[in-house]
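> Following the hints, put chain B in place on chain F, whose structure we already have.
These protein sequences, in sequence, are chains F and B.
So for the first sequence, this note's numbering puts the first residue at 1; every next one is plus one.
So for the second sequence, this note's numbering puts the first residue at 254; every next one is plus one.
Worth flagging that the hints you see were computed from the coordinates, not collected in a lab.
Just so you know, these numbers come straight off a predicted model, no measurement behind them.
Quick reminder that beta carbons are idealized off the backbone N, C-alpha and C, glycines included.
You may find that some hints are simply not true.
What follows is a set of in silico ranges between Cβ atoms, one per label pair, in the way DEER data are often shown [unchecked claim]: (1) B/Glu371 <-> F/Arg168: 16 to 22 angstroms; (2) F/Glu146 <-> B/Ala426: 52 to 58 angstroms; (3) F/Asp231 <-> B/Ala352: 33 to 39 angstroms; (4) B/Glu368 <-> F/Pro201: 26 to 32 angstroms.
No farther apart than 25 angstroms at their CA atoms in a straight line, the calculated lysine to any residue pairs in the SDA-like style are these [unchecked claim]: (5) B/Lys277 <-> F/Lys131; (6) F/Lys65 <-> B/Thr478; (7) F/Lys24 <-> B/Trp362; (8) B/Lys258 <-> F/Ala52; (9) F/Lys131 <-> F/Gly171; (10) F/Lys65 <-> B/Ile335; (11) B/Lys318 <-> F/Ala57; (12) F/Lys5 <-> F/Lys156; (13) F/Lys156 <-> B/Glu439; (14) B/Lys318 <-> F/Asn60; (15) B/Lys409 <-> F/Ala52.
Number of protein chains: 2
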Amino acid sequence: MAKSKTVTAALLIIGNEILSGRTKDANLPFIAEGLGGMGIRLSEVRVVPDVADEIIAAVNLLREKYDYLFTTGGIGPTHDDITAECVARAFDRKLIQNAEARSRLEERWAEAGIEMNEARLRMANTPEGAKLIDNPVSVAPGFQVENVFVMAGVPKIMQAMFGSLRERLVGGAPLLSRSVVCNLPEGRLASGLGALQAQYPNVDIGSYPSYAQSGFRVAVVLRHTDSDVLDAVAGDVLTLIGDLGGEAETQSV
Amino acid sequence: MAKSKTVTAALLIIGNEILSGRTKDANLPFIAEGLGGMGIRLSEVRVVPDVADEIIAAVNLLREKYDYLFTTGGIGPTHDDITAECVARAFDRKLIQNAEARSRLEERWAEAGIEMNEARLRMANTPEGAKLIDNPVSVAPGFQVENVFVMAGVPKIMQAMFGSLRERLVGGAPLLSRSVVCNLPEGRLASGLGALQAQYPNVDIGSYPSYAQSGFRVAVVLRHTDSDVLDAVAGDVLTLIGDLGGEAETQSV
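Chain F with its partners taken away, still in its complex shape (with noise of 0.2 angstroms):
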């Protein structure tokens, strides 16, 4: 694959409470395998506490060094959520309330009987110029700001938020991937793998350990955007496992 033809993405989590271990991200294999789909390569991700300083600079790293930005929590209405603000901050933009997010959830609140308050109301600001994500779970909405996505923590909002923005998002070619599951120790395959590395340096080649339950297991992972690549290489490496007299099956990563 061509250098220029990789098109990469960050994701930025925000928040204390991943950060103490109290919550376990959830959105971190959605959006990895989400954006994968799309050929567009997760090169980083971030975990920071909700530190002004931290995100502004998170921010401005992130959407400079990769073609898009994802950002998830710190959108609701309470002190701890500052996302907005920084976003302006690091766009040096005013943080204004949107007519349209304002909109959105006046309708909501009134369908709802949900009395409107000042905490509520900072659900609708965002960055000057930004455009709203649609959230269908709970209305209030994320922003997008250049290559900036702005969305919620909450697994079941941020996908339905992600789930809008597939036109908004251009991929390049997706990378395809094989995996090969074999019995044999990592250290018997090592030099094989290596040589077969070497010899395919443009393929993704990952060997990952784990113990199932029948046992200690070693998956090969192979990664392109050519089809036709990927399944000479996966002969490849089953000739190597039986070469060393172990058993193998090819299965969908």
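For chain B alone, coordinates are given in the frame of chain F:
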């Protein structure tokens, strides 16, 4: 808590398989909670691919910025396991074959009838002057260089390694917590919680909405080093919820 007594740490998760979404990281919450119990605050997490320049840059930045840096992943025998050489380069130290690590591995291999080979011997490589981290699961050790602790990515092995580090880590006052879970929406709590945060600027007050089987819930999580302070703030939160007509219970976090 005096600022000078806050002991901080970062976690660097190394591996393409996390960024592809194939492997769901389970080490972050384990390490976060383990450190928290020792009075060490996990303050940042990064996930980077198996790319030397990215690993080296992250190691050098994070070991400078925080009191401790923990890494997971990339210390096996295969070509994609490059953590040891990257940490050596980050510290500008030679990568050597560690005699004690080799001796442990040879003993294990002899017992188990495993052949020694070049790839397996890579697991004995450490930066010069590194201190080993025991691996009671599969022998191949992790290692420590100054304030950087290099551990395996497989959770079972990482947990065993982490368990042996307690005596090498010096924490500050442990961060204690209280959790008050209630049936009010965040938008009703927000104003009162913001006022409490202003009243107790040194208490970390977080508000976390979730969908439970029983319906929508908000957990208000309080963190501080002083149990009496936490009891006082938790009392104020309970009063706030009661005044707003909600029901609450205090939970262990």
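> Now tell me, hint by hint, if it's right for this structure.
To see whether the hints hold, each was checked on the structure:
{"no.": "1", "hint": "B/Glu371 <-> F/Arg168: 16 to 22 angstroms", "result": "violated, 49 angstroms"}
{"no.": "2", "hint": "F/Glu146 <-> B/Ala426: 52 to 58 angstroms", "result": "violated, 42 angstroms"}
{"no.": "3", "hint": "F/Asp231 <-> B/Ala352: 33 to 39 angstroms", "result": "violated, 44 angstroms"}
{"no.": "4", "hint": "B/Glu368 <-> F/Pro201: 26 to 32 angstroms", "result": "holds, 28 angstroms"}
{"no.": "5", "hint": "B/Lys277 <-> F/Lys131", "result": "violated, 31 angstroms"}
{"no.": "6", "hint": "F/Lys65 <-> B/Thr478", "result": "violated, 38 angstroms"}
{"no.": "7", "hint": "F/Lys24 <-> B/Trp362", "result": "violated, 37 angstroms"}
{"no.": "8", "hint": "B/Lys258 <-> F/Ala52", "result": "holds, 22 angstroms"}
{"no.": "9", "hint": "F/Lys131 <-> F/Gly171", "result": "holds, 20 angstroms"}
{"no.": "10", "hint": "F/Lys65 <-> B/Ile335", "result": "holds, 23 angstroms"}
{"no.": "11", "hint": "B/Lys318 <-> F/Ala57", "result": "holds, 14 angstroms"}
{"no.": "12", "hint": "F/Lys5 <-> F/Lys156", "result": "violated, 32 angstroms"}
{"no.": "13", "hint": "F/Lys156 <-> B/Glu439", "result": "holds, 17 angstroms"}
{"no.": "14", "hint": "B/Lys318 <-> F/Asn60", "result": "holds, 18 angstroms"}
{"no.": "15", "hint": "B/Lys409 <-> F/Ala52", "result": "violated, 35 angstroms"}
Violated hints, listed in ascending order, are 1, 2, 3, 5, 6, 7, 12, 15; each of the other numbered hints is respected by the structure.
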